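*Asks:* Here are the chains, one letter per residue:
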Amino acid sequence: MIEMKNGDYLFAQGHTACAGCGMAITVRHVLEAAGEDTIVVNATGCLEIVSSAYPKSAWEVPYIHCLFENAASVATGVVHSLRAQGNDHTKVIVLGGDGSSYDIGFGALSGMLERNEDVLYICYDNEAYMNTGNQRSGATPFGAWTTTSPVGEAHKGKEQWKKPLIDIVAAHDIPYAATSSIAYPMDVQAKVKKALSKKGSKVLIVYAPCVPGWGIASDKTIEVARLVVETGLWKMLEIEHGKRKVTMKPSQFKPVSEYIATQRRRFKHLTPEMTEHIQKLVDKSWEKEEKLAECFKE
Amino acid sequence: MVVKKTTEGSTAAAEAVCACDPDVVACYPITPSSHVAEHLADLYAEGKLRDYIPVEQEFSSLSAIIGASAAGGRAFTATSSQGLALMHEPVFAAAGMRLPVVMVIGNRSLSAPLSIWNDWQDSISARDSGWIQLYCEQNQEVVDTVPQAFKIAEETMIPVMVCMDGFFLTHAVEPLEIPEKNEVNQFLPKLEMKEKLDASNPISMGEYALPTHYQDFRKDLFDDMMKSADVIKRVAAEYAKIVGREYGDGWLEQYKCEDAEHVLISMGSVVGNIKEAIDKLREKGEKYGVIRIKMYRPFPKEAMRKALEGKKTAGVFEKAIDMGAAGPVYEDVAESLLDAENAPKLSSFIGGMAGRDIKFEDIESMFAKIKDGNKHVEWL
Amino acid sequence: MLLPNAKPGTSKENKTGAWRTFVPEVDNEKCIKCGKCQMFCPEGCIRGLEAQKMEDKTPPKINLDYCKGCGICAAECPVKAIAMKQEEK
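If you read the protein sequences in the order shown, they are chains A, B and C. Read in order, the letters of the first sequence are residues 1 to 298 in this note's numbering. Read in order, the letters of the second sequence are residues 1 to 380 in this note's numbering. Read in order, the letters of the third sequence are residues 1 to 89 in this note's numbering.
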């Protein structure tokens, strides 16, 4: 059942996201799954800018934007206020990019999870501070070019691995932590619905490609979001109170070089050694995943 | 029912907050206002306070109550010093979003160097933010001001800081009259927000504004802040009727100023010391008085000018500094005297920072200095 | 009192269709009504496939007031029933 209001989606047309924006697709599906009885708390970033330029708004549900790093705290206050006033049904969902989730809002997010606030925190991950012109974030993958991890003689792109946010989040032992990719919108919806059926803190990180930031054609968003899963670079996970499960895994992984080749802007400088290094670490990560699966076998 | 308790300023402030029946309280402890946070936690544990969120940093405490207020709840937090500095972003956001939240500030110095002791640098450096700032001289005044703060905030849709000197007031123990919920209920109606987060009537809050629009919001807040002065005065009179105590007219308190030739101007608890000094010095025949600023933002320019009319000299004593310029309270008072006829010569004294003691001799010396008719700019 | 707030859905006044240089053209005969185009559209400007039953579904109706011409619908269509054509004004 598609949740619509007067024949329209709860994330209205006329927003100014780039053509082909992965984040825009994500948000529409999140609201489809959540429904009208939802309050959205949005951190500063692409989403806020494209959807809430005074005096217009693309939001058909109640929406609040405050600052860059405090969405988790604002959401905490919203949900407490609702419950204190006797409303125990309206859902509170945070929508934040990787900038506000992995970096500047990380402390507030951790605090919210430690208190197990009844909030669904969704991070649309486009792997850099895209709204302000593609500066690197903790979510930027190894080797990626960004304006603050540029490529030159002495240094070539980001020199650190992507922050394992989902593992850090799950370590708070919250009821539900999951990852998904916008290549699979029905998976995103299913995970949102499952999360909202639980009380306490829930986190969902959705991989959402950025057309101009990554240097892909506007029609390649879904293809790239599929490839990241098919190459093993992005895991589709569900972790419930620490119990970990891979929800989607290709029978045969494609080589990471296939994914890297799709994004000339971010990765064209990668040497064969760097690509090999990435492949090794991805392979190792999946070996570890196999071992973890043993721990949680029924 | 009013209850008389012998208690600390902090705990009394917390009790006053509880009597206002807030929907959400979110606190992060910091010396010297920690006891406000702690006592509110006690009240929550006893089931007297509906909600309490022990957040992980001050940025989050103010952010949480921004969210709570936006969702239609009455919300409160308390902080000091570094905590308020950390909140600098949401302090501006709360005012810009016109949310009626109340915050008690246990005035404390700002690092570096680190200091836990009292001065006004924390709240004064937030004076540009668009919050109403009310400074209290005594703990009873703090208890009486908290319910007023909620009423003022909810009528003007401008957030309010209630400022009390760290340690001098927060940790001073004395018998205080504390109102109870049913009493405050009569004075403070239920919060009704014009616009709030409500799934049955959705709106988008906290949008971003292009250059064509932004400035209009600033001017609107400024104009509304200036108008709020009348609300502050009216609410002070209303509450004074209920408890039988008043603190000047809600803007300024003038002590022995009618026949005073030389006056000091100051805020907060040190005015108590100044009043005592004045009593002593008047025995020696000096004609001294003190003007206490209670409503610091919005600044009561016209009232200040009137209060200083005909005075020979005046001196501002303050525990803050506008670095690279002058004392901030001095700047505001000087501005109110621009173009004034018969304006007294105005001196500026900076002192008492980080709890540095202000003794009778210091006050006597300030009066003696301004009495000579020259302008003095000094650090005590 | 000015509030930095806005009414819901008012973004619809902004006709982002003016952005595009390529316009999607649907071949209704080829369309198998799988719904992928509507599912993936970042603007949410495709309609027709939201019905529950297959007989109630129609080939995609694309609202050209908002379509930015990203081409995702064409790229993801399993039977290549949508083609992106250079738009002529």
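Keep in mind that the hints are not guaranteed to be accurate.
[Unchecked claim] Simulated pairs of lysine-lysine, DSS-like, Cα-Cα distance not exceeding 27 Å: (1) K181(B) x K199(A); (2) K53(C) x K193(A); (3) K275(B) x K359(B); (4) K12(C) x K196(B); (5) K219(B) x K7(C); (6) K194(A) x K53(C); (7) K12(C) x K194(B); (8) K163(A) x K194(A); (9) K48(B) x K199(A); (10) K198(A) x K196(B); (11) K194(B) x K181(B); (12) K193(A) x K33(C); (13) K7(C) x K194(B); (14) K30(C) x K196(B); (15) K254(A) x K80(C); (16) K193(A) x K30(C); (17) K193(A) x K196(B); (18) K57(C) x K30(C); (19) K30(C) x K190(B).
Please keep in mind that the hints were generated in silico from the structure rather than gathered at the bench. All of these numbers come straight from a predicted model, not from anything done at the bench.
*Asks:* Next step is simple, just say for each hint if it's right about the structure.
*Replies:* Taking the hints in turn, this is what the structure says about them:
1. K181(B) x K199(A): The given pair, whose Cα atoms are some 32 Å apart, is violated under the 27 Å limit.
2. K53(C) x K193(A): Status holds; Cα separation ~22 Å.
3. K275(B) x K359(B): holds, 12 Å
4. K12(C) x K196(B): Judged against 27 Å, a Cα distance of about 22 Å means the pair holds.
5. K219(B) x K7(C): holds, 22 Å
6. K194(A) x K53(C): It holds: about 25 Å lies between the C-alpha atoms, which stays within 27 Å.
7. K12(C) x K194(B): Between K12(C) and K194(B) the Cα gap is close to 25 Å, so the pair holds against 27 Å.
8. K163(A) x K194(A): Distance of about 25 Å is within 27 Å: holds.
9. K48(B) x K199(A): Measuring from Cα to Cα gives roughly 25 Å; hence the hint holds.
10. K198(A) x K196(B): holds, 26 Å
11. K194(B) x K181(B): holds, 24 Å
12. K193(A) x K33(C): holds, 25 Å
13. K7(C) x K194(B): holds, 13 Å
14. K30(C) x K196(B): The given pair, whose Cα atoms are some 48 Å apart, is violated under the 27 Å limit.
15. K254(A) x K80(C): Cα-Cα ~25 Å, so holds.
16. K193(A) x K30(C): Outside the cut-off at roughly 33 Å; violated.
17. K193(A) x K196(B): The given pair, whose Cα atoms are some 26 Å apart, holds under the 27 Å limit.
18. K57(C) x K30(C): holds, 14 Å
19. K30(C) x K190(B): violated, 62 Å
Hint violations for this structure: numbers 1, 14, 16 and 19, all remaining hints satisfied.
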